[in-house]
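Chemist: Sequence order for the protein chains is A and B. Using numbering that gives the first Met the number 0, the first residue of the first sequence is number 0, and each one after it goes up by one. Using numbering that gives the first Met the number 0, the first residue of the second sequence is number 0, and each one after it goes up by one.
Think of the hints as simulated: they come from the structure by calculation, not from any bench. From a predicted model like this one, the values you see are computed outputs, not experimental measurements. Heads up, a few of these hints could be off.
[As the list claims (entries may be wrong)] Derived Cβ-Cβ restraints for the label pairs, each shown as a range:
1. B:75 x A:5: 55 to 61 Å
2. A:119 x B:176: 27 to 33 Å
3. B:75 x A:119: 40 to 46 Å
4. A:156 x B:176: 57 to 63 Å
5. A:119 x B:367: 58 to 64 Å
[To be verified] Incomplete in silico selection of chain B near chain A, CB under 7 Å:
6. 203
7. 212
8. 246
[Claimed, not checked] These stretches of chain B come out as covered by chain A in the derived footprint (C-beta under 8 Å, 3 or more residues):
9. 159–170
10. 228–237
11. 251–265
By construction, the Cβ of each residue, glycine as well, lies at the ideal position given by its N, Cα and C atoms.
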Amino acid sequence: MVLQLIIAGLAMGIVYGLVAMGFVLIFRAVGVVNFAQGEFLMIGGFFSYTLTAQLGLPMGAALGVCALIMGLFGIFFHFLTYWPLRKSWDITVIISTIGASIALKEIATLLWGPAPLGVDPIVPGLAKFSTVSIEWQFILTIGIAALLMGGVFMLLERTYLGHILQATAQDQYAAALIGIPVVVATGLTFAISALITGVGGLLLAPIFFVTTTMGGITGLKAFAAVIIGGFGSVHGAIIGGILIGFVDTFSGAYISSTYRDAIVFLCLILALIVRPQGIFGEKIAEKV
Amino acid sequence: MKKWLAVLVIFMFIVPLLAGCSSQKAGDDKAAPIKIGVVTSMTGERALTGQYTKNGVLMAIEDINAQGGINGRKLEAVFEDDNGNDAGAVNAYNKLSGSGVSVILGPIYSNMDLAISPSIKKAEIPTLVMGSSNDLAKQKNQWMFQARTADAISATALAKYAANNLKLKKIAILHETDNFASGAAAVAKKTLEDMGNPPVLVESYNGGDKDFTPVLAKIKASGADGVLAWSQQVEAGLIMKQIKSLDLNIALIGSNSYITKIAIDLAKENAENVYSVADYVATTPLAKGADFAKRYKEKYKIDSEFNSAMNYDATTLAAEALKKAGSTDKNAVRQAMAAIKDFVGVSTTFTFDENNVGGTSVWIVQTKNGVPQVIEAVKGR
């Protein structure tokens, strides 16, 4: 039972981590929390349904196409909700993302209908280790999500493009002064954020079905992961996500399946009391 | 230009006035259609329920009007969206109650029905709700009628079937935390205890949960040989699928949600052999139900299911009361409704008791090749 829970917890945790990473990337680039992050997950899930069940693509190809579409979707989202409002208050952008979150849910209902949809897994069937049995999809989710996380991490830390993105995230004005095209940098950040979250949705779709509301609670838990990991820290988001995944799964099995959500958010409050800056956050006071 | 604008403005004021006059007349007109309001989910995650509801109501209205309507008057439906939540249901109900409808049909979800109960009392409009919770009868609301078989009957039937027919010895109970599921699970627990076969484990989860691995792993560890489960439709699909992916080969006996089209479509082959207690299935042995199933399929090109059948029955019950009352007077309709006895619907036979509970029986069914098949009928009263 413990091994079972570890795998399930890790799979959930790593998806929370992906979404949390998406949150952090956008937050670092433009300084606001994107409240439609959970909906990126949902859109990714619906795209995976369209690509596999409706267009008949094999799951491997669907993964690539879905990643590409989600990247483009991120750029589109950037130009619709952030770019026109970039010079106004942060709160304006935040409200614009809340609006986008509601709009995306309703658009999804119009396009794909109100019924929850089932998606075939990448590798069907169950993996069995002695008494433990788990869907291959869980294991694959862990693998693909880890690769994706590693990829984004390398991109940010090791490449020239990554440095451009980092520089823009640190100070847009200074970046613009040294000749970095800010619009390209922020647009690309939105693209990466949407891509990783959308692929998270594609990975979850065969396990939990696709519904228009699937982004809500997942987005919220990922947000908790961001806070626990330290706001603005990419590796903090990953660690926070995995922690939330484990707390979620183990509290459901050993404490109470009714109050597992409450326990997750209770942990969030505890973390805020004990270490408000998060695990990897730095204590910095904003300059006045 | 200004002149035109002035004319336009005046025109805009006059037209609604005229319309107002004509509709006023229509209200008194004995030949105008009788309107029934329907509160259902047309948006939100329960929007599919709304589609099926609409199918059922519109088909019933077509049938009633084809047979000459209600004492010569046509029947007409007004739909109002509840967004799939309790607050939305109350808003939708209040909006409908002020729009001149004679009877209202409430949602299929017990929580929403309990939420609109005070509004029903206030509006004094005979309202047929389709939730199955036992708590609906406890509202002592003379204007609210439960056009459904209550969980007291279905949960007892389910528990008895699991213990007596399937000979299960170590039964686990799994239920959602909403009113319907908690209430039914409590009834089943009591039934099992009274039979000297208490459940080995009672677990609950929240609506909207996706990952049931923790709670199912717990059931697996408990050594249970069967699970009795009360869920809503999407969660039922998830539970059927996840039980199989944990390689948990024990009997699953679920609430009505487990054999709905929504749940079976999601769970696919994992829905095989799942037992359930059902109000209606397309393979029903009832002649009237079978006829409904056939005509529904011809009309909508999809199989009929529970939501549409319950709403078909509720609409025909409303029509019956309106016919018997001979007018749209609220009190007359309420009394006529309360007096309905042995009314054969497509799902079950309806007799309203002193608490306005109508449904009298349920079916024990099992899914075979993706289609729920009736095993036996359980008469409750």
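Chemist: The structure should be examined with respect to each hint, and the outcome stated for every one.
Modeler: The hints, checked one at a time:
Separation of residue 75 of chain B from residue 5 of chain A is about 59 Å and conforms to the stated range, judged on CB atoms against 55 to 61 Å. The supplied range of 27 to 33 Å is met by residue 119 of chain A and residue 176 of chain B, whose beta-carbon atoms lie about 31 Å from each other. For residue 75 of chain B paired with residue 119 of chain A, a C-beta distance near 44 Å keeps the hint of 40 to 46 Å intact. For residue 156 of chain A paired with residue 176 of chain B, a C-beta distance near 45 Å fails the hint of 57 to 63 Å.
For residue 119 of chain A and residue 367 of chain B, the hinted distance range of 58 to 64 Å is not satisfied, since their beta carbons lie about 23 Å from each other. The interface hint given for residue 203 of chain B holds, since its Cβ lies 5 Å from the closest Cβ of chain A, which is under the 7 Å cut-off. The closest approach between the C-beta of residue 212 of chain B and any C-beta of chain A is roughly 4 Å, which is under the 7 Å cut-off, so the hint is satisfied. At a threshold of 7 Å, the smallest CB-CB gap from residue 246 of chain B to chain A is about 3 Å, leaving the interface hint in force.
Only residues whose C-beta sits within less than 8 Å of a C-beta in chain A count toward coverage, and the segment 159–170 of chain B has 0 of them, not enough to reach three; the restraint is violated. Counting residues of the segment 228–237 of chain B whose CB falls under 8 Å from any CB of chain A gives 3; the rule of at least 3 is met. Coverage of the segment 251–265 of chain B by chain A holds in this model, with 3 residues showing a Cβ closer than 8 Å to a Cβ of that chain against a need of three.
This entry does not satisfy hints 4, 5, 9, going by the numbered hints stated previously.
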